[in-house]
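Peer 1: If you read the protein sequences in the order shown, they are chains D and H.
Taking this note's numbering, the leading residue of the first sequence gets 254, the next gets one more, and so forth.
Taking this note's numbering, the leading residue of the second sequence gets 164, the next gets one more, and so forth.
Don't take each hint at face value.
[Said to hold, decoys possible] Only pairs whose alpha carbons sit at most 27 Å apart, straight line, appear in this in silico DSSO-like list of lysine-lysine:
1) Lys184/H with Lys270/H
2) Lys359/H with Lys452/D
3) Lys548/D with Lys270/H
4) Lys342/H with Lys452/D
5) Lys312/H with Lys342/D
6) Lys551/D with Lys412/H
7) Lys272/D with Lys309/H
8) Lys312/H with Lys444/D
9) Lys184/H with Lys551/D
10) Lys520/D with Lys548/D
These are calculated hints, taken from the structure and not from any lab test.
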Amino acid sequence: MSKNREIWVVAEQRQGELKRITLELLGRALSLAEEKGSQVGVLLMGKSNDNLCRELAQKGADRIYSIEGDVLELYNPELYSRVVAGLAKEFEPGAILLGATVQGSAVSSSVAATLRTGLTAHCCDLSFSEEGRLRQVVPSLEGYYVFVSHSYPEMASVSPGVFPLLPLEEAGKGEVVNRELSSIEGCLEIKTSVLSFEKSVKDAVSLEDAEIIVAGGAGVGSAGWSMVEDLAEALGGVVGATRPAVDEGWIGHERLIGQSGKNVSPKLFVAVGVSGDPLHLSGVREPELFFAINKNEKAAIFQFADYGVVGDYRKVLPLLIEAAVNSR
Amino acid sequence: MEIVVCIKQVPDPGHIQLDPKTGTIIRGGVPAIINTVDKNALEAALQLRKINGGRVTVVSMGPPSTVEALQEALALGADRAALASDRAFAGADTLATSVTLAALINKTGPFDLVLCGYSSLDGGTAQVGPQTAAILEVPFFTAVQKMEKSAAGIQVEMETEEGVVAAESSLPALATITKGMNRPRGIRLSEAKKAKNKELFTYDLQGLGLSDDQVGEKGSGVCMVEVLPLPAGRDAEIISGEPEEIAGKIQGEIMKLGLQSRGGNK
Ligand SMILES: Cc1cc2nc3c(=O)[nH]c(=O)nc-3n(C[C@H](O)[C@H](O)[C@H](O)COP(=O)(O)OP(=O)(O)OC[C@H]3O[C@@H](n4cnc5c(N)ncnc54)[C@H](O)[C@@H]3O)c2cc1C
Ligand SMILES: Cc1cc2nc3c(=O)[nH]c(=O)nc-3n(C[C@H](O)[C@H](O)[C@H](O)COP(=O)(O)OP(=O)(O)OC[C@H]3O[C@@H](n4cnc5c(N)ncnc54)[C@H](O)[C@@H]3O)c2cc1C
Chain D
254 MSKNREIWVV AEQRQGELKR ITLELLGRAL SLAEEKGSQV GVLLMGKSND NLCRELAQKG
314 ADRIYSIEGD VLELYNPELY SRVVAGLAKE FEPGAILLGA TVQGSAVSSS VAATLRTGLT
374 AHCCDLSFSE EGRLRQVVPS LEGYYVFVSH SYPEMASVSP GVFPLLPLEE AGKGEVVNRE
434 LSSIEGCLEI KTSVLSFEKS VKDAVSLEDA EIIVAGGAGV GSAGWSMVED LAEALGGVVG
494 ATRPAVDEGW IGHERLIGQS GKNVSPKLFV AVGVSGDPLH LSGVREPELF FAINKNEKAA
554 IFQFADYGVV GDYRKVLPLL IEAAVNSR
Chain H
164 MEIVVCIKQV PDPGHIQLDP KTGTIIRGGV PAIINTVDKN ALEAALQLRK INGGRVTVVS
224 MGPPSTVEAL QEALALGADR AALASDRAFA GADTLATSVT LAALINKTGP FDLVLCGYSS
284 LDGGTAQVGP QTAAILEVPF FTAVQKMEKS AAGIQVEMET EEGVVAAESS LPALATITKG
344 MNRPRGIRLS EAKKAKNKEL FTYDLQGLGL SDDQVGEKGS GVCMVEVLPL PAGRDAEIIS
404 GEPEEIAGKI QGEIMKLGLQ SRGGNK
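Please take these sequences and the hints and turn them into a complete structure.
Peer 2: Have a look at this one:
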């Protein structure tokens, strides 16, 4: 029935740059569409979209739905949701994929409720079943839950870092479909205005790109947190964290690794004071070398690491930092 | 200001255990708590009430035992409470949950502001707030860390991965709150004493004017069809010895990887 309906990706851009998650989703959408004999549409909202339309076409999008306007420059949850829902009603895609980011989860939720269709959060895999239903896989404590939707469009938000980036395809000849904001249902009656955007300081290397990650957990505590940062720096890597560490405010939410945060694929992963919960480890994808330091010899993390140290991290980390600095 | 706060009762994460044989969550006997960030939402509501006057209503969907969570919220200072409880609500996904909550909120009367937590400690989808807003057809904000009443209605700061977005909308509106917003108060004896005399309404399916194909498992947009096993681990080799030896061994293994450090950054 929906065999040939498009698979959509809702793009996220900031200040004229596509976010990495959008390209990750595009790559997966292209392979899913190929499997199904359908096409990929990317929905792009922004102030002026020419450059990004070209980039998306080059990267293989079959159709780019471009909606431009000054009011679309900054993320406006109500307006963005109206645009996506309005276009989805008009073009009836078979599936809509978004990033499991603050913006993607807000917009996907609003759109799914407006369309009264199902939505799965924080997917770590997507594939089609034999019957052609989108299998939406989500990590949980007891294993990976597989959800399917009862209706179309099938909607899912995907955790950043799950799907690899595709190399640039130069051959793309995607078509651009321009739509006026005023022609989209409900977009003239928006009650939200965005006042300002204050950019936070950006890290040189993002978690998704990092080859070396030192992740700190609840066992570190606020007093010792700087040791985790020092070790990361000494190794030339970046800091990641578990949910308790983020909730306690020891580090920003953008450093969360796991089901509700990012997925990472470093070469070296060092877990400090981390118990080894599946909802954290589901975000740690096949590191070549995995160390765990935990004072509890029964901690689950030791089942997953290559090497474990049983003991208080405060005894081991200072020496490890020193060794790393000395071998630079 | 008429403020509604959605609170979810969740199993205390510290007490969740897996059945060692089957690897499934043991559902019985786990103490229930108010989803922690919902207390930040309640605190935000109580502070808005203090400045602007009005009333705070707490609402929840859940089994009958959810009244305990609502009673706790009343003891913390909410003015009244309403519970949606019916066997038909069981097995709800976020869509069916939001349809039920929206009906419950409408049942409590006209409102200016609905507050939710950003996400729950168990399902954790962060979908219920924005979905409830869509069904109520009101503007919404998520991951709000700062909020105040303004001439136009409500002004907020939303946390995003790249930075903070400040925005404003008219009322009624809905916002989901993060932990950075405030520090929730504890129960004060004087408030707790008043709680007994506060109203706590309970509605079932009929009471909310919903039909059974809109709620619970039947009204859900997704269903779980399978649980795949977690991957097997690598079973760590435990390194022991003096801290110096341990550090040396680890550093040695790291060197073998032959990584090029990409320049440190914290
Ligand atoms: C591991 C796991 C994954 C799941 N994934 C999905 C999925 O992808 N899609 C899906 O549709 N369902 C999913 N579910 C089911 C979902 O958890 C339930 O539908 C649940 O009733 C509401 O969602 P939530 O806990 O994710 O709420 P969230 O959206 O995380 O909750 C945010 C806020 O909404 C309010 N709220 C939520 N529930 C209630 C309530 N019952 N009463 C009052 N206020 C409430 C609270 O203020 C809360 O802080 C999942 C469940 C589990 C256990
Ligand atoms: C729907 C849902 C989504 C979730 N998403 C995520 C997610 O994306 N990411 C995430 O991380 N979590 C997530 N969680 C939470 C997850 O279930 C765990 O609660 C969390 O990962 C545990 O973090 P932790 O290992 O830091 O803390 P804990 O489990 O408390 O472990 C702390 C560890 O530190 C050790 N320790 C204590 N002191 C020391 C010391 N001095 N030296 C050495 N070791 C010490 C202890 O032995 C213990 O093993 C999610 C949960 C749910 C329900």
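Peer 1: So which hints don't hold here, by number, going up?
Peer 2: 1, 2, 3 and 5
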